[in-house]
Amino acid sequence: MKKSLTHISVVGFVMFALLFGSTSWVQFVTADSLNNNPLNNRRILDQLARDRGPILVDGEKIAYSEPVDDKYKYQRKYGSEGLNPRAYASMTGYYSIVSGASGLERATGDYLSGDSDALFYDKVGSLFTGEQPRGAAVELTIDPEVQQAAWDGLGNQNGAAVAIDPKTGKVLAMASTPGWDPNPIASHDAGEAQAAFEKLNNAEDNPAYNRAIGGNLYPPGSTFKVLVAAAALESGDYQPDSTLNGPAELDLPQTTSTISNSHPGACRNGGNPSLADSLAESCNTSFASLGMDLGEDAIQEQAQKFGFGQEMEIPLKVSPSSFPEDLNPPQLAQSSLGQYEVRSTPMQMAMMTAGIANGGKMMKPQLVDRVLNANTLEPIKENRPQEKSRPVSGKTADQLTTMMEGVVEDGTASVAKMDGTKVAAKTGTAQHGPGAAPHAWFISFAPADDPKVAVAVVVENGGNAGNEAYGATVAGPIAKNMMEAVVEK
Amino acid sequence: MSENPNQAARPRPYRLAELGLLILAIAVATSAYALVGLGVEDTIPANVYQYAAWLAALGLIIHVVVWWKAKYADPVLVPIAVLLNGLGLAMIYRVDLGRDEYQNSGVSQLIWMTLGVALAVGIIIFLGDHRWLRRYTFVSGFAALIFLLLPLIPGLGRTVNGARIWIGVGSMSFQPGEIAKILLAIFFAGYLVSYRDQLVLAGPKILGIRFPRLRDFGPIVIAWVASVGILVFEKDLGTSLLFFGLFVAMLYVATSKVSWIILGLGFFAAGAVAATFLFSHVQQRVSGWLNALTAEEYNKSPGGSYQLVQGLFGMSNGGLTGTGLGEGRPNMVPYAESDFIYASLGEELGMAGLFVILLCYLFIFQRGIKTAQQLRDGFGTLLATGLSFTIALQVFVVVGGVTRLIPLTGLTTPFLAQGGSSLIANWMIIALLLRISDNARRPVEEFHTGVLKITEDPDERTASAREAGNHNDTKRGVEGSDEAPTTNLGAADLDSTGPDEAPTTNLGTTGGER
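Residue numbers (numbering that gives the first Met the number 0), protein chains in the order written: chain A, 0 to 488; chain B, 0 to 513.
Don't take every hint at face value.
[Unchecked claim] Below, simulated DSBU-like cross-link-like pairs (lysine-lysine); rule was C-alpha separation at most 30 angstroms, straight line: (1) A/Lys70 <-> A/Lys1; (2) A/Lys1 <-> A/Lys166; (3) A/Lys166 <-> A/Lys76; (4) A/Lys380 <-> A/Lys416; (5) B/Lys299 <-> A/Lys2; (6) B/Lys68 <-> A/Lys488; (7) A/Lys387 <-> B/Lys369; (8) A/Lys198 <-> A/Lys363; (9) A/Lys72 <-> A/Lys380; (10) B/Lys204 <-> A/Lys2; (11) B/Lys68 <-> A/Lys1; (12) A/Lys198 <-> A/Lys60; (13) A/Lys316 <-> A/Lys387; (14) A/Lys166 <-> A/Lys70; (15) A/Lys1 <-> B/Lys299; (16) A/Lys360 <-> A/Lys380; (17) B/Lys369 <-> A/Lys488; (18) A/Lys70 <-> B/Lys299; (19) A/Lys72 <-> A/Lys1; (20) A/Lys451 <-> A/Lys380; (21) A/Lys316 <-> A/Lys416; (22) A/Lys394 <-> A/Lys380; (23) A/Lys451 <-> A/Lys488; (24) A/Lys166 <-> A/Lys72.
Keep in mind the hints are simulated off the structure, nothing from the lab.
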């Protein structure tokens with residue numbers, strides 16, 4: 000019996016080995032796929048019931064969880080003293096029992112819920128205390144004063160405004176209007192939450208679009224001329240004082256149509272403006288012919304160096320901006336003016352501006368500054384500045400900076416002049432379809448000699464000015480206020 | 000002999016070790032209970048001291064009784080049983096708190112535990128020697144059959160979760176199969192020790208393996224018919240597998256013949272496959288197992304995979320370290336406190352916690368087998384094997400079902416699951432293992448029973464010795480044990496034990512059945 004007993008013992012051990020195996024299989028090997036199984040309703044409920052970490056702006060909570068006495072245990076709330084939830088909704092998104100999560104609630108969800116691997120040591124600690132791991136706090140790079148300036152400036156107009164610290168890539172402001180309130184969508188009353196969700200998504204002006212980084216994107220209009228100028232300087236064939244062809248009207252090859260300037264008549268210097276002058280007065284004809292001379296490939300390449308065509312996560316997803324392909328000369332001419340099928344996000348234009356401001360070194364935009372332990376506020380993860388690319392040489396960047404200063408000193412962007420601070424800027428007034436009021440654009444940075452902030456603003460369909468709108472008059476003051484919020488600190 | 004200085008290391012009782020482990024087990028169980036209160040209600044349960052005191056009292060009573068009546072019993076069995084029982088209590092309380100309506104099921108489980116411990120204490124006190132059970136071999140077999148058939152009686156039997164393995168009187172319900180498994184282990188042990196010689200006799204050789212004679216197939220056929228009957232009429236694969244597995248394992252230990260295992264497994268597989276084809280409820284279980292994660296099976300009601308899959312989701316939610324007690328959502332799984340308590344524990348204690356629980360069961364099994372190996376009598380060896388194997392097999396069937404290793408069945412997780420019959424039965428098993436292990440590890444000179452008198456005429460003398468309660472013979476027996484005539488006793492049961500071995504091996508029943 001001794002031998003057969005040993006055999007039975009082995010059989011028993013094998014059975015237990017199988018159980019250890021199957022338990023590991025469920026809880027370790029396939030745990031992620033089970034957790035993410037579409038049939039699994041538990042994960043959502045679990046996360047809802049968790050003490051989710053707050054989203055912080057300059058130490059204040061813009062989104063946070065408050066204990067309540069119902070089955071979800073915590074109520075998600077948005078906004079606090081001095082922080083308007085509507086002004087931040089395009090960043091925070093919502094966290095809902097019916098609609099899941101959007102915005103940063105989704106993009107940084109693993110941190111907020113405490114699921115992230117970066118929080119491992121916290122989780123080990125809570126293993127001993129028996130406590131549910133608490134979500135981490137996510138601190139944004141946003142400067143509330145700049146954000147407020149953007150929000151106030153856009154006001155009741157639809158549009159977006161982005162401010163970036165050129166040296167670090169920190170996003171100082173990111174506003175999208177119309178704003179919306181995430182609070183009703185986070186209601187624990189499923190019917191109320193559902194109704195609020197549907198109202199947001201069916202609203203006329205699409206408030207759910209984050210116009211700063213997504214939505215339908217905009218033709219960048221004349222702000223794109225900065226990029227064409229960059230391509231020209233980078234080609235080595237042009238200098239800021241190179242003479243261009245800027246007549247009152249430019250005949251487009253292969254067609255009967257023409258391109259004209261926004262102001263009547265030929266451009267400076269009797270229709271032979273320099274590259275710098277062309278930018279200063281936003282000469283259409285000279286940039287159209289410059290674009291055709293440079294060729295599609297050169298502009299396309301320059302656009303891609305600035306980030307066109309690339310998806311980006313900041314960690315919100317930024318829609319890729321695009322420069323069209325396979326263009327015939329008239330299309331190329333129009334595209335060189337940021338018209339035709341050129342499409343851009345304000346984030347892209349702000350990033351480009353920041354890249355020029357930072358001497359040709361373009362930093363990766365980041366919206367999350369730090370992840371903190373929600374109790375102790377000790378940092379768990381800090382986002383260091385990351386260089387994204389070098390779209391232009393230092394020399395080109397300096398030349399572009401000087402040229403953009405000229406736009407403010409002696410050009411279309413004089414509205415952005417600040418006492419004692421040099422400002423570099425470019426305006427844009429983007430046509431987009433017959434009869435539609437143009438989108439008003441403004442990109443700028445300041446101080447030009449030591450940049451602290453780069454800004455891109457777009458006001459949809461001319462905003463309150465409608466057909467009378469110009470980038471300088473409608474978007475310019477908003478950009479100026481945002482820059483001042485940084486510079487005058 | 001006791002004066003012999005050359006005596007190899009005398010077995011030690013290890014009672015203090017048991018006490019230490021027991022205090023640890025009670026501390027863990029009480030902490031778990033307190034953490035459940037903290038987790039669910041943010042406050043330690045008000046009655047935590049009464050709870051701890053109650054648990055400690057139960058543990059200490061059984062500890063003292065073991066010290067008094069079974070001094071050499073295995074020291075880890077009681078602490079492990081208390082630990083598992085305590086974890087089960089905490090989880091039952093936790094699931095109860097998660098309900099919309101509190102049912103006080105933790106308290107009723109604690110009462111069942113008290114009953115179970117009382118029965119165990121009774122067994123240790125009044126069952127002086129496990130070999131006495133051998134005289135009830137056929138009574139046990141008959142009683143087991145009755146218990147197994149009880150759920151089939153109309154009006155008495157109850158169908159829970161598709162399986163008809165329950166009986167109910169009024170609001171009380173009971174799983175008679177839990178008691179039947181102990182009775183069956185006694186029956187198999189007694190039967191096999193008497194008839195194994197016949198079963199060992201060689202028959203025809205097929206494919207190089209010698210099979211038994213056809214006429215000796217009787218017992219295995221009966222066991223097979225009974226287990227397939229359970230599968231078909233009581234609709235429970237788990238119970239069926241448990242009894243048949245128990246039988247085959249004990250048969251193999253008794254005969255050492257691989258052919259029995261092959262035959263047994265072959266029979267069972269054939270029966271199970273046939274049942275799968277013939278009966279829709281078995282098909283449902285198998286399909287709910289194979290295609291568990293499809294929306295079709297998940298949403299099928301009744302008989303779909305909802306429960307299984309919810310259990311898997313709970314466990315995966317727990318992950319490696321669990322959500323913490325009171326922090327998960329075990330209540331989403333139907334029967335979270337009984338059939339699926341393993342998944343509930345997995346969710347809140349994580350894989351780490353489940354590994355500890357599995358290790359506890361593995362310990363019980365390993366100690367049981369070790370006891371069987373140390374024993375000097377065939378009946379005890381078989382009984383210890385059967386009892387410990389039934390726990391291992393039951394854990395395998397339940398946990399395998401919950402973790403989707405095998406199709407789901409309606410068995411309970413020993414010591415953990417809510418349910419009186421299961422708890423009582425498992426405490427009885429622990430008591431029997433304690434009693435047997437005491438016998439296995441006790442040094443010869445400390446035997447107080449008249450068992451030694453079986454040297455002359457085993458069966459009758461055992462009985463008469465017990466009836467007389469005559470302890471005076473013991474001394475004579477011990478003294479006589481150094482002498483030749485007693486040395487061959489019991490030896491026939493143990494392959495490696497020859498007459499020339501140390502006299503300490505000579506105790507126990509004789510192998511002289513022939």
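Going through the hints against the structure:
no.	hint	verdict
1	A/Lys70 <-> A/Lys1	violated, 58 angstroms
2	A/Lys1 <-> A/Lys166	violated, 78 angstroms
3	A/Lys166 <-> A/Lys76	violated, 33 angstroms
4	A/Lys380 <-> A/Lys416	violated, 39 angstroms
5	B/Lys299 <-> A/Lys2	violated, 48 angstroms
6	B/Lys68 <-> A/Lys488	violated, 86 angstroms
7	A/Lys387 <-> B/Lys369	violated, 67 angstroms
8	A/Lys198 <-> A/Lys363	violated, 35 angstroms
9	A/Lys72 <-> A/Lys380	holds, 28 angstroms
10	B/Lys204 <-> A/Lys2	holds, 22 angstroms
11	B/Lys68 <-> A/Lys1	holds, 28 angstroms
12	A/Lys198 <-> A/Lys60	holds, 26 angstroms
13	A/Lys316 <-> A/Lys387	holds, 16 angstroms
14	A/Lys166 <-> A/Lys70	violated, 47 angstroms
15	A/Lys1 <-> B/Lys299	violated, 49 angstroms
16	A/Lys360 <-> A/Lys380	holds, 24 angstroms
17	B/Lys369 <-> A/Lys488	violated, 79 angstroms
18	A/Lys70 <-> B/Lys299	holds, 27 angstroms
19	A/Lys72 <-> A/Lys1	violated, 58 angstroms
20	A/Lys451 <-> A/Lys380	holds, 24 angstroms
21	A/Lys316 <-> A/Lys416	violated, 34 angstroms
22	A/Lys394 <-> A/Lys380	violated, 35 angstroms
23	A/Lys451 <-> A/Lys488	holds, 11 angstroms
24	A/Lys166 <-> A/Lys72	violated, 42 angstroms
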